[in-house]
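Trainee: Turn these sequences into a full structure, and let the hints guide you.
The primary structure of each chain is shown beneath.
There are 2 protein chains.
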Amino acid sequence: MIREKLDNYYSFVFEKELLDEIEQVGVYKKLRENELLVDLGDKMKGVPLLLDGAIKIVREDKKGEEILLYFLERGDTCASSFASAISNGKCGIRAIAEKESEIIFLPKEKLDEWLVKYKSWRNFVIDSYNIRLNEMMETIDTLAFMRMDERLYKYLKDKAQIMRETSLNTTHQDIAYDMHTSRVVISRLLKQLENEGKIKLNRNKIEILEF
Amino acid sequence: MIREKLDNYYSFVFEKELLDEIEQVGVYKKLRENELLVDLGDKMKGVPLLLDGAIKIVREDKKGEEILLYFLERGDTCASSFASAISNGKCGIRAIAEKESEIIFLPKEKLDEWLVKYKSWRNFVIDSYNIRLNEMMETIDTLAFMRMDERLYKYLKDKAQIMRETSLNTTHQDIAYDMHTSRVVISRLLKQLENEGKIKLNRNKIEILEF
DNA sequence: GTTGCTATGTAACTTTTGTTACATTAGTTA
DNA sequence: TAACTAATGTAACAAAAGTTACATAGCAAC
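Protein chains in written order, with the working numbering: chain A, 266 to 476; chain B, 266 to 476.
Heads up, a few of these hints could be off.
[To be verified] Below are the SDA-like pairs computed for lysine to any residue, each with C-alpha atoms no more than 25 Å apart in a straight line:
#1 A/LYS419 <-> B/THR407
#2 A/LYS328 <-> B/LYS422
#3 B/LYS419 <-> A/THR407
#4 A/LYS310 <-> B/TYR383
#5 B/LYS373 <-> A/GLU280
#6 A/LYS375 <-> B/GLU378
#7 A/LYS419 <-> B/LEU333
#8 B/LYS382 <-> A/GLU378
#9 A/LYS328 <-> B/GLU475
#10 B/LYS419 <-> A/MET413
#11 A/LYS382 <-> B/LYS375
#12 A/LYS355 <-> B/ASN388
#13 A/LYS384 <-> B/GLY291
#14 B/LYS384 <-> A/GLU374
#15 B/LYS328 <-> A/TYR418
#16 B/LYS281 <-> A/GLU378
#17 A/LYS384 <-> B/PRO372
#18 A/LYS308 <-> B/ASP392
#19 B/LYS327 <-> A/GLU400
#20 A/LYS328 <-> B/LYS419
#21 B/LYS328 <-> A/GLU378
FYI, nobody ran anything at the bench for these hints, they're computed from the structure.
Mentor: Below, the structure written as structure tokens:
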């Protein structure tokens with residue numbers, strides 16, 4: 266069963282021998298919606314490969330203020346965990362399942378070994394880091410160059426894409442937490458987007474009309 | 266001469282055999298102050314190892330708006346170049362020497378080969394990515410959680426540290442470019458910091474009194 | 001010196017974002 | 001249905017950041 270899911274998303278990424286090894290040592294885990302996968306300061310004993318679902322990666326500062334960094338989808342891994350696992354350091358982020366998700370945990374002992382043995386693993390690790398660096402840069406662009414209303418609209422579209430839905434089940438308060446602003450600001454801007462015909466508001470639900 | 270500088274900063278990082286190889290294939294280059302090392306959209310043919318100096322890494326969006334991402338110091342490499350070199354993709358950043366700097370260019374053909382051969386190279390690459398991810402997170406924290414006056418003070422202190430000086434030769438306009446705001450805002454906040462006794466302002470020069 | 005250029009200082013005003021306070025609405029439970 | 005709770009709507013105001021416009025100061029070339 267695991268092998269089947271693994272093959273689904275990773276058979277074109279990894280060599281057969283590596284897939285075999287992953288099947289042997291990987292630990293399958295199913296995550297409930299809103300389940301905490303990684304918390305701030307955790308020391309990772311391995312890295313998660315995402316088979317299905319969506320994981321939200323959040324940054325928190327000393328004062329407990331939060332901001333969304335990016336989402337992981339199937340085929341992704343958490344570069345920050347990789348960092349933490351291989352260096353025995355602490356993880357600087359929090360990872361929460363946005364919806365029911367499936368992962369395979371790879372034990373950290375194998376991570377370096379596979380770098381030597383498998384070209385496909387080297388590529389995957391380097392690619393993962395690159396994707397993450399690019400996501401971070403996009404986040405920085407968003408924070409540095411966009412106004413709150415643009416950021417909000419982008420947030421809604423991005424989240425809809427990750428969740429594979431055109432309407433989101435969420436509250437204004439939750440969005441405010443992700444964007445590190447206040448609920449009132451979000452309500453105001455959402456109403457503005459609704460007036461522009463880009464979205465439709467309902468209780469606990471936002472439909473996106475224009476992508 | 267190169268070997269000497271290489272040994273200075275990297276003899277505890279790389280194995281002897283790797284240092285030998287780097288000496289053979291690496292290309293030494295000296296950068297003048299303000300010299301452009303990498304531009305947006307460049308395809309990298311190798312990665313720079315920083316021997317000495319300071320490199321400013323800047324992000325630019327489509328509209329040509331800029332923001333400082335972080336600085337590189339000796340011992341650092343540019344993860345974004347590594348990404349670009351190994352994947353033949355384009356580089357998403359701009360790198361400019363903040364002062365006279367010395368680098369060694371490593372040809373991209375070796376990068377993967379060394380990952381297999383040298384444990385110290387694997388560690389260095391992974392560490393570099395991790396350091397960069399952490400810098401990016403710090404930049405995000407700064408943008409998301411701090412007000413402009415705090416960001417400015419942090420900018421001054423960070424830059425002073427990188428330049429190894431307690432006073433900076435720079436103009437308000439240049440700071441405004443780095444922080445993606447306007448000169449007037451910077452002048453206003455600098456004056457405020459001066460009134461608080463944290464800095465002293467002169468033409469083309471800012472002394473930092475409190476760290 | 002005078003001229004000219006660059007950098008800095010600052011006032012006045014606008015826009016954006018954040019805050020407080022309270023009303024209304026939809027859904028849930030007693 | 002009444003009572004309660006969570007979510008949303010909105011006004012009024014405050015703070016932060018951005019903009020325009022212009023004055024002044026420092027420095028260099030003539």
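Trainee: All hints are to be evaluated individually against the structure, with a verdict given for each.
Mentor: Tested hints:
no., hint, result
1, A/LYS419 <-> B/THR407, "21 Å, holds"
2, A/LYS328 <-> B/LYS422, "22 Å, holds"
3, B/LYS419 <-> A/THR407, "21 Å, holds"
4, A/LYS310 <-> B/TYR383, "24 Å, holds"
5, B/LYS373 <-> A/GLU280, "23 Å, holds"
6, A/LYS375 <-> B/GLU378, "20 Å, holds"
7, A/LYS419 <-> B/LEU333, "23 Å, holds"
8, B/LYS382 <-> A/GLU378, "12 Å, holds"
9, A/LYS328 <-> B/GLU475, "23 Å, holds"
10, B/LYS419 <-> A/MET413, "24 Å, holds"
11, A/LYS382 <-> B/LYS375, "17 Å, holds"
12, A/LYS355 <-> B/ASN388, "17 Å, holds"
13, A/LYS384 <-> B/GLY291, "24 Å, holds"
14, B/LYS384 <-> A/GLU374, "14 Å, holds"
15, B/LYS328 <-> A/TYR418, "19 Å, holds"
16, B/LYS281 <-> A/GLU378, "21 Å, holds"
17, A/LYS384 <-> B/PRO372, "19 Å, holds"
18, A/LYS308 <-> B/ASP392, "16 Å, holds"
19, B/LYS327 <-> A/GLU400, "16 Å, holds"
20, A/LYS328 <-> B/LYS419, "17 Å, holds"
21, B/LYS328 <-> A/GLU378, "44 Å, violated"
Violation of the numbered hints given earlier is confined to hint 21; every other hint is satisfied by the structure.
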